[in-house]
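Student: Here the structure of chain A is known, so what remains is to put chain B in place on it, guided by the hints.
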Amino acid sequence: MDSRVDDATFEQELQKRLHMIESPDGPSLTVPDLPLLDFAVAAVGLALATTLLMWWAY
Amino acid sequence: MTHVVRRNKAAKPVAEAAPGDAGFDATLTELPLLPNERIWGFWQHSSVNIGLAVATWAFLQGAAVAYYVGVVQAIASIVIGYGISVLLIALAPCMPSVKYGIEQFVGLRSAFGENGARVVMVAVSTVLAAAWSAVLAIMFGHGLVTVANQIFGVELSESGVTASLLALVAIIVSCLILARGPVSVEAVCRIIAPMLMVILVGILVIVFSHNTWSELAALEPLGGVSDDPHLSFLLAIELNIAGGFAWWPNMGNLARLSRSSRVGFWPNWMGIFGASVVAAIVGALAALSLQIEDPTQWMIPLAGAGIGVVALVIICLANVTAILSQGYASMVALKGGGGRLFRTAAWPWLIAVILGPSAILVFFPAAVYDNYGRFLSWGAIVLAPLCAVQIVDYFVLRRRHLHIRDLFLPIGQSRYGYWKGVNIVAFVAVGAGAVTYSLLLNPVSYEPSALFRHTTASLPAFAVAAVTYYVLTRLVVQPLGLGGYDTRSARR
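Note that the protein sequences, when read in sequence, are chains A and B.
Numbering (my numbering) for the first sequence: 1 to 58.
Numbering (my numbering) for the second sequence: 1001 to 1492.
Don't read these hints as lab results, they were simulated from the structure.
Note that CB positions come from ideal geometry on N, CA and C, so glycine has one too.
Be aware that one or more of the hints could be misleading.
Here are the simulated distance ranges between beta carbons [said to hold, decoys possible]:
(1) A:Pro-24 <-> B:Leu-1231: 54 to 60 Å
(2) B:Asn-1036 <-> A:Val-41: 57 to 63 Å
(3) A:Val-44 <-> B:Gly-1412: 41 to 47 Å
(4) A:Lys-16 <-> B:Gly-1160: 55 to 61 Å
One side of the interface only, derived from the structure: several residues of chain A facing chain B at Cβ under 8 Å [what the hints assert, rightly or not]:
(5) Leu-46
(6) Leu-48
(7) Ala-49
(8) Leu-53
Stretches of chain B that chain A covers, calculated by requiring three or more beta carbons in the stretch to come under 8 Å of a beta carbon on chain A [unchecked claim]:
(9) 1075-1081
(10) 1259-1270
Isolated chain A (complex conformation) (with noise of 0.2 Å):
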């Protein structure tokens, strides 16, 4: 099994890629960040439950 890519296909590759990035016009390549609201409801989450086992585990 071999998946090796020269150097110049993967040049041109990421060129076109990086092209498509930085364009107004073409197909997003980045996703919308993390909203807020779910790192709040996981970092809320753990709080409790850590209070929660702190307190049963004593």
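Tutor: Chain B in isolation, oriented as in the chain A frame:
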């Protein structure tokens, strides 16, 4: 790792592949991914995450925790410890990788510079992968020695040369399977993973059918009742924070394949948090109910000689699949983020780089397998500060914005060039974090300091690295105009 769950996508068996070829796979390179190359929705990412988490290392984790605490505190420490580190890992490296579709060590160039990120990648991918593979191979050797002792009535030593030679066999078999490529890796993992799930459920059923909850909750830790139960609880939490941070080298490249940031974030809570927690708790329950630390010694007392031997053989095979998953993820990381040297390297050479050191380590089981807690802390010493530096760089200093072209420009032209491609400040911050860790918890003797009982070691190491990186970047890097932090240039 990608190919562990991708069917019929074997890379082209020719010297070199090109875009448009059936064999070309951008996920095996450091190229930013196109939308159609982001192949995972929520459930696909979750299933891979769960498959990775439910492996034999979860048994070792549970047993290590059981050494310090009983059942109740084991459950609490596993949930708290894994929760903290998974939350941080789900931020970085996962978020930059999923936002831009970039290989995680390419994303790290914004903080460490191109050469610096490569040093981190090679060190993390080779040293940790070799060490983890050795741990799993030694567990394989222990298991087969137990099987041989049971079936043939011999009394081979689990820490003797026979066990090490059998561990070497596991490494060699893993090399042969890896050499055949991703399809064979996937096929082996697809067979073994469900069997391991059945064993987990079986252990749970047997433990609870022989013990009431009150009996389980009253069991003493394997290391005996401590004079300082609070310290033991903190050591157990630290073990689990370190266990979670051990996933840092792999998770960004999994998130990279996700179709949205949410899909890159939440499956970590299904897999390396949820599944790891369940599997480690099952391990702790088995260890405590039998009062035996080595997971390879649990099956026969739990299930009897017949079923126990079969379960043990499955666990031995599961160790091989875990080596394959770990080895494959590291090779993909090397190929994707290791620059031209690794991108153009043949597969067997990469296998030798990753698994060669493991073949030596298996002859020194005391260095890794017999000191699992210390082994975890050696990883966390570096991984917690690494995670901190990337979170501060990406979320605080760069406000979640990277210049992708600059990640690939030559060092002299890139805003992430720093000092000859190395951001010394990032390494100073990681060093400060590592020193903090070592002062709080001696990584050699595993002796905690007085302060440890209030702080753990990974969390202060994380905090010190984060603050050091932030302060030095503001005071040194930005005034020198390095790192592309200048707002005027950032807006170009």
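Student: Could you run down the list of hints and mark each one as holding or not?
Tutor: Here is what the structure says about each hint:
For the pair Pro-24 (chain A) and Leu-1231 (chain B), the beta carbons lie near 58 Å from each other, so the given range of 54 to 60 Å is met. The supplied range of 57 to 63 Å is broken by Asn-1036 (chain B) and Val-41 (chain A), whose beta-carbon atoms lie about 30 Å from each other. Remark: the range hint 41 to 47 Å for Val-44 (chain A) to Gly-1412 (chain B) is upheld by a beta-carbon distance near 46 Å. Restraint check, Lys-16 (chain A) to Gly-1160 (chain B): a C-beta distance of roughly 57 Å satisfies the suggested window 55 to 61 Å.
Proximity of Leu-46 (chain A) to chain B holds as hinted, the smallest CB-CB distance being about 5 Å (cut-off 8 Å). Checking Leu-48 (chain A) against chain B: minimum C-beta separation of about 11 Å lies over 8 Å; hint violated. At about 6 Å, the closest approach between the beta carbon of Ala-49 (chain A) and any beta carbon in chain B falls short of 8 Å, and the interface hint on this residue holds. Hint status for Leu-53 (chain A): holds, given a least beta-carbon distance of 4 Å to chain B, under 8 Å.
Counting residues of the region 1075-1081 of chain B whose beta-carbon sits less than 8 Å from any beta-carbon of chain A gives 5, enough to reach three: the coverage restraint holds. Counting residues of the region 1259-1270 of chain B whose beta carbon lies closer than 8 Å to any beta carbon of chain A gives 8, which reaches the threshold of three, so the coverage claim holds.
Checked against the numbered hints given earlier, the structure breaks hints 2 and 6 and satisfies all the rest.
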